[in-house]
Amino acid sequence: MNRSSAQVGSAFSPGAGVAAQFGAPREDRPAVDVSTFASLLDLIGLRRSDEFIAHIGSDLDTIGRRIDEAADRDDRRALSEATHALAGLAATLGAERLSRLARHPDAARAPRASLRLFADRLEAEIAAVRSACARLADARRPI
Amino acid sequence: MRTADILIVEDTPTLRMVFESALTRAGHRVEAAATGAEAEAAFERLRPDVVLMDIHLPDGNGIELTRRFLAIDPDARVIVITADGSVRRAVEAMRAGAQEFLVKPFDDARLIAAVTNALAAGPGHSRPPAETAAAPDDGMLGTSSAMAAVRARIASVARSMATVFITGESGTGKELAAQAIHRASPRAAGPFVALNCGAIPGDLLESEVFGHLRGAFTGAVADKPGAAALADGGTLFLDEVCEMDLALQTKLLRFLQTATIHPVGAPRPRKVDVRILCATNRDPQRAVRAGRFREDLYYRLHVVPLHMPALRDRGEDAIEIAAALLPAFAAEEGKAFTGLSDDVTALFRGHRWPGNVRQLLNALRNVVVLNDGPVVTRTMLPADLLADGAEGAAPVAGLAPGAVQPQLDGLGPLVGRTLAEVEQIVIEETIARCGGSVPQAARVLDVAPSTLYRKRDAWARDGLREAAQ
Chain A
5 MNRSSAQVGS AFSPGAGVAA QFGAPREDRP AVDVSTFASL LDLIGLRRSD EFIAHIGSDL
65 DTIGRRIDEA ADRDDRRALS EATHALAGLA ATLGAERLSR LARHPDAARA PRASLRLFAD
125 RLEAEIAAVR SACARLADAR RPI
Chain B
53 MRTADILIVE DTPTLRMVFE SALTRAGHRV EAAATGAEAE AAFERLRPDV VLMDIHLPDG
113 NGIELTRRFL AIDPDARVIV ITADGSVRRA VEAMRAGAQE FLVKPFDDAR LIAAVTNALA
173 AGPGHSRPPA ETAAAPDDGM LGTSSAMAAV RARIASVARS MATVFITGES GTGKELAAQA
233 IHRASPRAAG PFVALNCGAI PGDLLESEVF GHLRGAFTGA VADKPGAAAL ADGGTLFLDE
293 VCEMDLALQT KLLRFLQTAT IHPVGAPRPR KVDVRILCAT NRDPQRAVRA GRFREDLYYR
353 LHVVPLHMPA LRDRGEDAIE IAAALLPAFA AEEGKAFTGL SDDVTALFRG HRWPGNVRQL
413 LNALRNVVVL NDGPVVTRTM LPADLLADGA EGAAPVAGLA PGAVQPQLDG LGPLVGRTLA
473 EVEQIVIEET IARCGGSVPQ AARVLDVAPS TLYRKRDAWA RDGLREAAQ
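So the protein sequences, as listed, match chains A and B.
If you're matching positions, the first sequence starts at 5 in our numbering and goes up one per residue.
If you're matching positions, the second sequence starts at 53 in our numbering and goes up one per residue.
It is worth saying that the hints were derived from the structure and are not from the lab.
Hints should not be assumed to be uniformly reliable.
Partial chain B-side listing against chain A, Cβ under 8 Å, derived [as the list claims (entries may be wrong)]: (1) Thr64; (2) Leu67; (3) Val70; (4) Pro157; (5) Gly386.
So, partial list: chain A residues that the calculated Cβ filter (under 10 Å) puts toward chain B [stated by the list, open to error]: (6) Ile60; (7) Leu93; (8) Leu121.
It should be emphasised that the depicted structure is a prediction, and the values quoted were computed from it without experimental measurement.
Where a beta carbon is used, it is the ideal one built from N, C-alpha and C, also for glycine.
Generate the whole structure from the sequences, applying the supplied hints.
Following this line, the structure appears as structure tokens:
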């Protein structure tokens with residue numbers, strides 16, 4: 005395909021561009037920013053860190069399920085509410101990549117097929133954040 | 053620091069735990085609620101000094117709950133928190149009486165500062181101003197006396213059928229005022245139809261206003277209801293009315309006198325029930341004197357005048373608007389801006405704002421897209437704003453007259469190039485600074501994304517042609 009037709013395609017078929025962006029994970033930054041998360045653990049305190057990690061896992065699972073169901077039903081409103089919740093949670097945890105993905109501006113107008121791809125991409129990123137949080141909390145435990 | 057009773061209303065347990073830990077560590081007594089119902093019960097029991105309120109709740113809306121809490125206890129301070137940092141949300145929160153609007157993520161220092169500021173405000177500070185609370189949700193921010201007068205005028209004319217003639221410079225919010233009048237009127241359930249008389253070619257305007265039937269003229273391939281018919285039962289807003297062609301002014305006058313429309317090609321006129329609002333950024337009397345605007349039409353339309361004040365005449369409104377909308381823009385763009393530096397505040401306060409609120413919003417959007425926070429500094433401001441300031445701003449203490457020069461020095465590499473080359477360089481650089489996002493760059497450049505796609509496509513074709521030669 006020559007360059008100009010590719011550009012025309014991306015300009016007039018937002019779905020194709022959306023799919024490419026959702027499907028292309030960027031691994032240039034860690035799933036969770038270490039210093040942001042360390043500050044949170046300091047704030048919560050060692051005594052309650054297990055409870056904190058359990059809340060994170062449970063919240064990410066719950067929101068992930070809401071996104072999954074919304075994508076299956078093609079329910080844009082439910083999807084928008086769930087991604088907003090995820091964006092806020094992820095940003096607070098220092099999971100900037102997940103937060104940015106959840107706020108993806110093209111998600112609202114993505115075709116249904118791309119929406120599934122979007123949900124799958126979020127699910128993979130949620131798993132990465134969840135395991136990074138648990139790992140960082142473990143690393144701070146006294147031996 | 054004073055110890056306060058704080059109610060956290062947040063449905064995500066992780067975030068509840070973070071906020072609770074930060075506030076408890078700062079010495080406050082904290083109670084948390086996960087739903088609106090739990091929050092209402094806790095508010096009645098606790099009567100907290102400060103409420104930290106999430107907007108999205110599983111059983112309701114935090115903005116509505118804010119209104120209810122402040123109706124029960126006007127001395128309570130509410131800090132609204134959300135991941136949805138849209139401009140609309142920020143405006144809603146402030147109108148509901150929120151003390152502050154925090155966009156996630158925010159660190160514990162920012163949270164504590166917000167609570168401290170809320171406690172420092174006098175009793176009743178969170179109560180929305182009476183005129184604001186009574187006003188429709190008009191999207192207009194600012195508590196200056198000039199805007200209070202506008203809101204009072206809107207409230208008093210809304211229930212009437214009288215034609216309102218809105219004047220004001222470009223960017224002062226004339227259409228927002230028209231929408232506010234419509235929403236506060238008994239016609240609120242009907243349509244609001246806006247027509248920009250200056251943006252439609254003269255030969256099409258008659259058909260746009262009054263409609264046409266299929267076959268009435270070449271190209272009329274289907275019946276088209278005009279704006280007047282579409283607004284039947286509601287409000288027709290004629291923007292830039294002084295730009296209207298003289299021949300059409302005659303027809304508009306007849307429409308106002310008879311309340312009938314005659315679509316092009318229709319055998320007979322029909323009655324419509326429409327309230328007319330109109331606006332212009334020109335001096336309508338000068339247009340009358342120059343013979344560009346019919347005097348009889350002017351007097352027919354100029355029943356209730358409403359003048360939208362220029363932003364430079366609105367006291368501290370520029371600062372209030374920036375403070376309310378900066379966090380929302382930052383959240384939309386994924387940036388961390390929280391406020392203005394002292395010299396930017398001083399510059400905004402003294403600026404002439406020739407483009408009014410629209411110019412302020414464009415400048416903020418430009419800063420947020422191209423930079424990151426937490427504080428907006430002078431070097432982040434668009435060069436044209438600094439240039440405007442150099443020419444027209446009131447003197448600002450501490451700023452050297454030549455302070456604009458470093459910004460203009462950056463133009464050096466562009467001088468000597470063709471205008472087409474300059475356009476391509478600026479567009480490509482803006483897209484690059486927006487992380488490759490064409491829609492985001494289009495917002496900065498104030499053009500449609502399709503314009504940028506089209507231009508890039510043409511440049512790519514030119515490049516291929518040159519490579520083939």
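Status of the hints after comparison with the structure:
The restraint placing threonine 64 of chain B at the interface with chain A holds, with a minimum CB-CB distance near 5 Å, inside the 8 Å limit. The beta carbon of leucine 67 of chain B is positioned within 8 Å of a beta carbon in chain A (closest approach about 6 Å), and the interface hint is therefore held. Given the 8 Å rule on beta carbons, the hint for valine 70 of chain B holds: about 6 Å separates it from the nearest Cβ of chain A. With a cut of 8 Å, the hint placing proline 157 of chain B at the interface with chain A holds, because the nearest CB-to-CB distance is about 4 Å.
The interface hint given for glycine 386 of chain B holds, since its Cβ lies 6 Å from the closest Cβ of chain A, which is under the 8 Å cut-off. Checking isoleucine 60 of chain A against chain B by beta carbon gives a least distance of about 5 Å; that is within 10 Å, so the hint holds. For leucine 93 of chain A, the interface hint holds, the least distance from its beta-carbon to any beta-carbon of chain B being 6 Å, beneath 10 Å. The beta carbon of leucine 121 of chain A is not positioned within 10 Å of any beta carbon in chain B (closest approach about 19 Å), and the interface hint is therefore violated.
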